[in-house]
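J.: Given next are the chains, with one letter for each unit.
Protein chains: 6
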Amino acid sequence: MATLGLIEYEDASPEVRAVYDDIMATRGTDWINNFWKALAHDPATLRRTWESIKEIMSAGALDPLTKEMVYLAVSVTNQCPYCIASHTAAARKAGMTGAMFAELMAVVGMANETNRLVSGYQVEIDERFRT
Amino acid sequence: MATLGLIEYEDASPEVRAVYDDIMATRGTDWINNFWKALAHDPATLRRTWESIKEIMSAGALDPLTKEMVYLAVSVTNQCPYCIASHTAAARKAGMTGAMFAELMAVVGMANETNRLVSGYQVEIDERFRT
Amino acid sequence: MATLGLIEYEDASPEVRAVYDDIMATRGTDWINNFWKALAHDPATLRRTWESIKEIMSAGALDPLTKEMVYLAVSVTNQCPYCIASHTAAARKAGMTGAMFAELMAVVGMANETNRLVSGYQVEIDERFRT
Amino acid sequence: MATLGLIEYEDASPEVRAVYDDIMATRGTDWINNFWKALAHDPATLRRTWESIKEIMSAGALDPLTKEMVYLAVSVTNQCPYCIASHTAAARKAGMTGAMFAELMAVVGMANETNRLVSGYQVEIDERFRT
Amino acid sequence: MATLGLIEYEDASPEVRAVYDDIMATRGTDWINNFWKALAHDPATLRRTWESIKEIMSAGALDPLTKEMVYLAVSVTNQCPYCIASHTAAARKAGMTGAMFAELMAVVGMANETNRLVSGYQVEIDERFRT
Amino acid sequence: MATLGLIEYEDASPEVRAVYDDIMATRGTDWINNFWKALAHDPATLRRTWESIKEIMSAGALDPLTKEMVYLAVSVTNQCPYCIASHTAAARKAGMTGAMFAELMAVVGMANETNRLVSGYQVEIDERFRT
Numbered sequence: 000m001a002t003l004g005l006i007e008y009e010d011a012s013p014e015v016r017a018v019y020d021d022i023m024a025t026r027g028t029d030w031i032n033n034f035w036k037a038l039a040h041d042p043a044t045l046r047r048t049w050e051s052i053k054e055i056m057s058a059g060a061l062d063p064l065t066k067e068m069v070y071l072a073v074s075v076t077n078q079c080p081y082c083i084a085s086h087t088a089a090a091r092k093a094g095m096t097g098a099m100f101a102e103l104m105a106v107v108g109m110a111n112e113t114n115r116l117v118s119g120y121q122v123e124i125d126e127r128f129r130t
Numbered sequence: 000m001a002t003l004g005l006i007e008y009e010d011a012s013p014e015v016r017a018v019y020d021d022i023m024a025t026r027g028t029d030w031i032n033n034f035w036k037a038l039a040h041d042p043a044t045l046r047r048t049w050e051s052i053k054e055i056m057s058a059g060a061l062d063p064l065t066k067e068m069v070y071l072a073v074s075v076t077n078q079c080p081y082c083i084a085s086h087t088a089a090a091r092k093a094g095m096t097g098a099m100f101a102e103l104m105a106v107v108g109m110a111n112e113t114n115r116l117v118s119g120y121q122v123e124i125d126e127r128f129r130t
Numbered sequence: 000m001a002t003l004g005l006i007e008y009e010d011a012s013p014e015v016r017a018v019y020d021d022i023m024a025t026r027g028t029d030w031i032n033n034f035w036k037a038l039a040h041d042p043a044t045l046r047r048t049w050e051s052i053k054e055i056m057s058a059g060a061l062d063p064l065t066k067e068m069v070y071l072a073v074s075v076t077n078q079c080p081y082c083i084a085s086h087t088a089a090a091r092k093a094g095m096t097g098a099m100f101a102e103l104m105a106v107v108g109m110a111n112e113t114n115r116l117v118s119g120y121q122v123e124i125d126e127r128f129r130t
Numbered sequence: 000m001a002t003l004g005l006i007e008y009e010d011a012s013p014e015v016r017a018v019y020d021d022i023m024a025t026r027g028t029d030w031i032n033n034f035w036k037a038l039a040h041d042p043a044t045l046r047r048t049w050e051s052i053k054e055i056m057s058a059g060a061l062d063p064l065t066k067e068m069v070y071l072a073v074s075v076t077n078q079c080p081y082c083i084a085s086h087t088a089a090a091r092k093a094g095m096t097g098a099m100f101a102e103l104m105a106v107v108g109m110a111n112e113t114n115r116l117v118s119g120y121q122v123e124i125d126e127r128f129r130t
Numbered sequence: 000m001a002t003l004g005l006i007e008y009e010d011a012s013p014e015v016r017a018v019y020d021d022i023m024a025t026r027g028t029d030w031i032n033n034f035w036k037a038l039a040h041d042p043a044t045l046r047r048t049w050e051s052i053k054e055i056m057s058a059g060a061l062d063p064l065t066k067e068m069v070y071l072a073v074s075v076t077n078q079c080p081y082c083i084a085s086h087t088a089a090a091r092k093a094g095m096t097g098a099m100f101a102e103l104m105a106v107v108g109m110a111n112e113t114n115r116l117v118s119g120y121q122v123e124i125d126e127r128f129r130t
Numbered sequence: 000m001a002t003l004g005l006i007e008y009e010d011a012s013p014e015v016r017a018v019y020d021d022i023m024a025t026r027g028t029d030w031i032n033n034f035w036k037a038l039a040h041d042p043a044t045l046r047r048t049w050e051s052i053k054e055i056m057s058a059g060a061l062d063p064l065t066k067e068m069v070y071l072a073v074s075v076t077n078q079c080p081y082c083i084a085s086h087t088a089a090a091r092k093a094g095m096t097g098a099m100f101a102e103l104m105a106v107v108g109m110a111n112e113t114n115r116l117v118s119g120y121q122v123e124i125d126e127r128f129r130t
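Residue numbers (numbering that gives the first Met the number 0), protein chains in the order written: chain Z, 0 to 130; chain Y, 0 to 130; chain E, 0 to 130; chain D, 0 to 130; chain W, 0 to 130; chain X, 0 to 130.
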């Protein structure tokens with residue numbers, strides 16, 4: 000489904016095709032996943048979102064694998080099924096092993112637990128943690 | 000404040016002191032932050048939570064710095080002020096630079112944005128992402 | 000499915016039928032969606048929820064279309080698939096075009112991103128914003 | 000603060016005072032907490048919210064203490080500081096001891112952890128759990 | 000599916016089987032639900048999670064039924080489909096009736112509503128609620 | 000505070016000043032709020048975030064006031080204090096009256112409530128809502 004449907008490459012405008020081409024070239028793949036085909040109904044958002052992701056996810060002070068795992072950690076915390084499926088695939092492609100995935104999930108689970116313990120016990124921030 | 004108050008080392012039972020001692024020894028510090036002092040009202044939860052964190056956050060397939068940054072990413076997604084303050088401090092201690100922090104925040108922000116775009120557009124999981 | 004099953008009109012008590020009748024009359028439709036059929040197992044909650052929605056969603060200082068789009072924006076932020084599907088339909092019926100939907104999603108995505116940037120950077124409220 | 004300010008009893012309209020009076024009579028107290036004083040700017044929402052809470056939180060198949068603890072559990076999961084403070088007070092008044100609070104927090108923390116493990120591992124619902 | 004697949008009893012290592020055996024013995028059942036079969040790829044997390052749940056969910060200051068309903072309330076707030084399905088089943092097994100389920104949902108819904116009203120109106124914590 | 004501190008105009012690099020200047024010109028104000036001063040530590044994110052917000056929040060199929068109210072609705076759902084304070088101010092400046100604010104909050108509260116009722120009752124999407 001998808002609210003407005005999916006726009007395939009052959010039905011896309013030149014503006015949308017340019018983004019699709021850049022996605023495939025940047026990722027070294029020959030296909031486009033559904034997220035972009037859905038966003039293509041709004042070319043401005045398609046372009047802006049892709050440009051932002053391309054800039055943010057490229058290597059910098061953090062390597063691409065770490066970034067993909069952080070993306071997955073956020074998606075798991077938000078419990079977004081599509082995002083979890085797509086970013087698990089992306090993280091694996093970037094080098095995440097099964098053991099790394101398992102440790103990542105353990106950290107995500109633990110953080111979600113202690114976030115609530117802290118809130119529930121109404122713990123005040125230690126003076127030393129104030130920057 | 001803190002719902003049940005904070006238990007200082009000098010007022011703690013031997014069971015609680017043993018956990019405090021292990022926290023300080025493991026972290027190489029001479030103080031205990033408020034989270035543990037609040038949890039100390041429930042020694043079973045104090046012990047279980049500390050043992051779990053100690054096991055989960057130690058080096059394994061992922062290094063401690065990556066784990067601390069993931070912990071921070073989850074805490075930011077959940078918007079837990081105490082957790083953000085304490086895990087920013089922990090991640091810095093583990094080696095997170097200002098540049099790494101900035102890139103981490105950019106990824107966390109982006110993931111939170113696309114998680115909602117995906118949900119809002121009701122995008123179906125691509126067959127290739129199904130494991 | 001639905002935890003307690005769905006109660007169809009022909010199987011409903013007079014109390015439940017009265018709510019179903021009012022829903023259809025208010026909406027100018029001849030059917031009841033699953034949400035109400037599931038809630039009908041708890042007639043008090045069915046009635047209270049319907050009365051509240053009817054009061055809140057009617058025209059006032061805000062028009063019904065704006066209210067439906069806000070309802071959708073919240074449902075997307077919470078990532079509730081049923082709510083997104085049903086309120087997308089409701090908003091369209093109230094006049095939301097594809098272009099309006101696309102801009103709505105862009106705002107929802109952006110707000111979810113900056114909410115986390117603000118939290119992650121631990122930004123304090125400006126004096127001018129305090130009311 | 001509070002966005003629109005707080006409306007004290009002496010400044011309230013007869014409609015608002017009637018709700019305030021019912022809150023105090025129902026709770027057996029002689030004061031109104033800030034939540035209601037803020038909502039009083041919208042008498043319709045004030046009345047509807049109070050009537051709903053009064054109906055929902057009274058004894059039924061679940062006793063008032065259990066209901067207050069569930070309210071607190073939700074507020075902790077959502078990390079709402081005001082709600083945590085006010086419903087901790089309400090639950091204590093209804094009989095929650097320190098030991099009950101501690102066990103409640105342990106369950107809330109654990110549930111928040113496993114909710115993410117389940118999502119992260121993309122676990123499918125067992126046939127036996129489908130109703 | 001499940002990211003890493005499910006590990007059945009007959010394919011499990013002795014370490015994993017020991018946990019499976021304890022789960023079945025503790026629960027008085029002869030089957031293992033998918034959550035544990037997915038976690039079994041990480042025996043350390045499997046063991047730690049089970050030991051924690053066993054400790055937390057047993058009778059104490061709160062009875063097991065209350066704990067199961069709180070677990071369900073959190074899962075509903077987080078909107079985790081698997082968790083809702085499995086903990087609805089567990090709560091029913093522990094004695095939750097349809098009427099109790101309905102009241103539980105009413106409280107969860109109400110708390111999620113007022114949590115946002117409080118935040119939206121920027122209500123400050125009453126002095127009396129500060130502990 | 001703010002994790003990395005705030006960068007004032009007089010201490011900003013030409014790149015950051017250019018963004019500050021554009022923010023003030025676009026908004027017709029002579030000051031910069033803390034969010035941007037915190038983000039300024041990461042000029043790439045500062046620029047990208049500002050360009051995105053400027054593009055998204057300008058008049059289009061939806062008017063600026065509606066967009067600001069949607070931004071506020073999301074911020075309230077996420078319970079982000081800074082975002083609620085700043086976007087309440089922005090929405091008021093764009094024309095939101097007290098009555099509009101009150102109705103907006105009522106819709107946000109209601110949506111958060113029914114999102115959980117739907118999830119808790121495990122309601123399936125009606126065939127008619129599938130697009």
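Hints may contain errors.
[Unchecked claim] No more than 30 Å apart at the CA atoms, straight line, and that leaves these computed lysine-lysine pairs for DSSO-like: (1) X:Lys-92 to X:Lys-53; (2) X:Lys-92 to Z:Lys-53; (3) D:Lys-92 to D:Lys-53; (4) W:Lys-92 to W:Lys-53; (5) Z:Lys-92 to Z:Lys-53; (6) W:Lys-53 to Y:Lys-53; (7) E:Lys-92 to E:Lys-53; (8) D:Lys-53 to E:Lys-53; (9) Y:Lys-92 to Y:Lys-53.
[Unchecked claim] Facing chain D, from chain Z, some residues (calculated, C-beta under 7 Å): (10) Thr-25; (11) Arg-26; (12) Leu-64; (13) Val-75; (14) Gln-78; (15) Val-107; (16) Asn-111; (17) Glu-112; (18) Leu-116; (19) Gly-119.
For the record, the hints were derived by calculation from the structure and aren't laboratory data.
Source: prediction; values computed, not measured.
Backbone N, C-alpha and C define an ideal beta-carbon position, used for all residues, glycine too.
J.: Compare the structure with each hint and give your call.
T.: Do the hints match the structure? See the list:
no.: 1; hint: X:Lys-92 to X:Lys-53; verdict: 16 Å, holds
no.: 2; hint: X:Lys-92 to Z:Lys-53; verdict: 35 Å, violated
no.: 3; hint: D:Lys-92 to D:Lys-53; verdict: 16 Å, holds
no.: 4; hint: W:Lys-92 to W:Lys-53; verdict: 16 Å, holds
no.: 5; hint: Z:Lys-92 to Z:Lys-53; verdict: 16 Å, holds
no.: 6; hint: W:Lys-53 to Y:Lys-53; verdict: 20 Å, holds
no.: 7; hint: E:Lys-92 to E:Lys-53; verdict: 16 Å, holds
no.: 8; hint: D:Lys-53 to E:Lys-53; verdict: 20 Å, holds
no.: 9; hint: Y:Lys-92 to Y:Lys-53; verdict: 16 Å, holds
no.: 10; hint: Thr-25; verdict: 26 Å, violated
no.: 11; hint: Arg-26; verdict: 22 Å, violated
no.: 12; hint: Leu-64; verdict: 17 Å, violated
no.: 13; hint: Val-75; verdict: 4 Å, holds
no.: 14; hint: Gln-78; verdict: 4 Å, holds
no.: 15; hint: Val-107; verdict: 5 Å, holds
no.: 16; hint: Asn-111; verdict: 5 Å, holds
no.: 17; hint: Glu-112; verdict: 4 Å, holds
no.: 18; hint: Leu-116; verdict: 5 Å, holds
no.: 19; hint: Gly-119; verdict: 4 Å, holds
Checked against the numbered hints given earlier, the structure breaks hints 2, 10, 11, 12 and satisfies all the rest.
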